[in-house]
Amino acid sequence: MRCSGRRIDREDNGFSEADMAITLTEAAANQVRKFLDNRGKGVGLRLGVRTSGCSGMAYVIEFADEIEDDDQVFEAHGVKVIVNPKSLLYLDGTELDFGREGLNEGFKFNNPNVKDECGCGESFNI
Amino acid sequence: MALLQISEPGQSTAPHEHRLAAGIDLGTTNSLVATVRSGQADTLPDASGRHLLPSVVHYRSGEDPRVGEEAWSGASGDPMNTIISVKRLMGRGVADVTAKDAHLPYEFLQGKPGMPLLRTAGGDVSPVEISAEILRTLKARAEESLGGELEGVVVTVPAYFDEAQRQATKDAGRLAGLNVMRLLNEPTAAAVAYGLDHAAEGVVAIYDLGGGTFDISILRLNKGVFEVMATGGDSALGGDDMDRVIAAWIREQAGIGEDVDPMLMRRLLHDARAAKETLTDQDEVSLRVSLTGAEEWTGTLTRERFDQLIGSLVEKTLSPCRRALRDAGLRSRDVSEIVMVGGSTRVPLVREQVSRFFGRELLVDIDPDKVVAIGAAIQADILAGNRSDDEMLLLDVIPLSLGLETMGGLVEKIIPRNTTIPVARAQEFTTFKDGQTAMSLHVVQGERDRVSDCRSLARFELQGIPPMTAGAARIRVSFQVDADGLLNVEAQEQVSGVQSSIEVKPSYGLTDPEIEAMLKDSMDHAQDDMNARRLREHQVEADRVLEALSSALAEDGDRLLTDEERAVVDEAARVLAQTRQGSDYRAIKRAQEQVEQASADFVARRMDASIRKAMAGHRIEDFE
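Heads up: the sequence lines are chains D and E, in that order.
Heads up: the first sequence begins at 1 in our numbering, then just goes up one per residue.
Heads up: the second sequence begins at 1001 in our numbering, then just goes up one per residue.
No lab work stands behind these hints: they were computed from the structure.
Careful: at least some of the hints might be erroneous.
Stated by the list, open to error - The calculated lysine-lysine pairs, modelled on DSBU-like cross-linking and capped at a C-alpha distance of 35 Å, are: (1) K1223(E) - K34(D); (2) K1223(E) - K41(D); (3) K1613(E) - K1433(E); (4) K1413(E) - K1223(E); (5) K1170(E) - K1413(E); (6) K41(D) - K86(D).
In isolation and in its complexed conformation, chain D is listed as follows:
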């Protein structure tokens, strides 16, 4: 696995969990709320990362039906954002946006931890 050994130790990194945050733009929050309403169930939005893809790590963006014990929960514009602690290390400071490019539309991660992305932006390295 390309990312093994890169795990960042929380204490060494100088952060405490309380300082960490993930935000949604208003546009993103409105869309998430709409999709959740339409789906008819779910407690919020789960964001995460996992190892795969052409450039190391890939984003996960899913509906959340439950909150695990370890999960960190943030709230932005009335939407709950749920992240597990491991993913949070890679996502801290991220702002999730919703936008359009031509006919295409969808969510975008503005992640300050990213050093480089693959051309497509679906996976990244930190």
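Since the structure of chain D is provided, determine the placement of chain E on it from the hints.
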């Protein structure tokens, strides 16, 4: 930067492995494409924000054809090369098309057996190719919107489409470079859009009033499967007719004679349509029509007057509803949900009348223009594997029975209508004549008992059957229908193993009686069918007896019969052969009994002779 969508819990895909899927409503007047993004199914607009793509293709010499709005605007002066309503031509034979649609301006060429070709400035094109142009445009729109190639699509077809029309639709998809995962009945798609497939059971009516066609379908949901119980409708009734009555009213009010020039008529129709749309949520609309020169007419159309004008049109949709319920053996109160489909169901009077007819609230929350495409998108999303496993896979059913022609032009049904697909059924047949080495198989579809009243789908031959006495060969014929409703027929002789098969790539219909008419016919003609079947069965039986007698006479007649005896048998056989030509099955039965009586001694002597032959050289003990 890629734009991401929200997945279901645990269903995230690896980067670059998104399973993009779309649903396509390939309509007579308009077509749409829809997809599920972040769990929400919606139709996709083009760059100008238009969701509906007019199902119009304009062919030009030396250039790519134009599709949709562009085809319309550029082509009003070129009707011969502007193909509209191509769906009406799908899977039909040229004789059938020209006879029924004498008003079509297109020039038809006789193409491959039965398949019509249209002569256009861009070359000769088939309905399949024309539909493929529409699908190609929708594919491009979807791929641009989703940022990737489509993995697969679900295309909707009317519930009454037969195998030939379904195959033609699937071919159009393939030609457009699409992986058509499944064809889905339009009413089923509409029911899926409302999530009605999640209910345990119930009867659903789909009332679909479009621009130029009206369809009513009664579906029964049973263990997650929608059965089509009855369909009906009017292929020449829709919102365009409402526009015409309003235009006629404006013309009268404005004091214009009936002889209107086409340009003014087009303007009147345009204004009429706008007025109709305004009256959906307003009680009156003011009209201003510029006439010749500086003249102008102004007036007001109230909802009340509008309702009077279109009253009979709306009423006309209710008799097919009544008939469909009767065919399904149901009363209106047995229907638990009514789904409204098609732009014309926005008209308040339509909703009011339909609601009164069924005595229920209607399902109208989803845009009636988009509801079919949305249902198809949901199904496509499931088939592409983007949903968790507990989402049930929706099954479909065979719309009309599939069978085989047997002796005497009768139909043996192998797979009855409303069987869920995929399905495989087999039946054994045998030879009719001694030493018969080939068997011709004729695959038909329909509800009637006689082949001539059903639709012919395919013919093929099983050759190389080893010579045997009549009835000894065992030929197993299996019908297989895949998830798209496409048929594969295989015949195998069980002793020798010789086999032959055919995929129903139908000849695109030689005669194409409307499927709904076929269904209705089968009920109206039940008694006729029974009589015809009885007659044919007796004729076939008479032929079998005569055939067996003549081969027995050829073998042993001279040896076992005196001339007098032979004359009696011959006379009885002659009478039977003659009676068999008539249509009185009782007379045939009597004549056959005469033959059996006259030849009884002969048969007995043959039996004795063959027993003697078998016993020759043996002692009695050998047989004990």
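Identify every previously stated hint that the structure contradicts and give their numbers, smallest first.
No numbers; nothing is violated.
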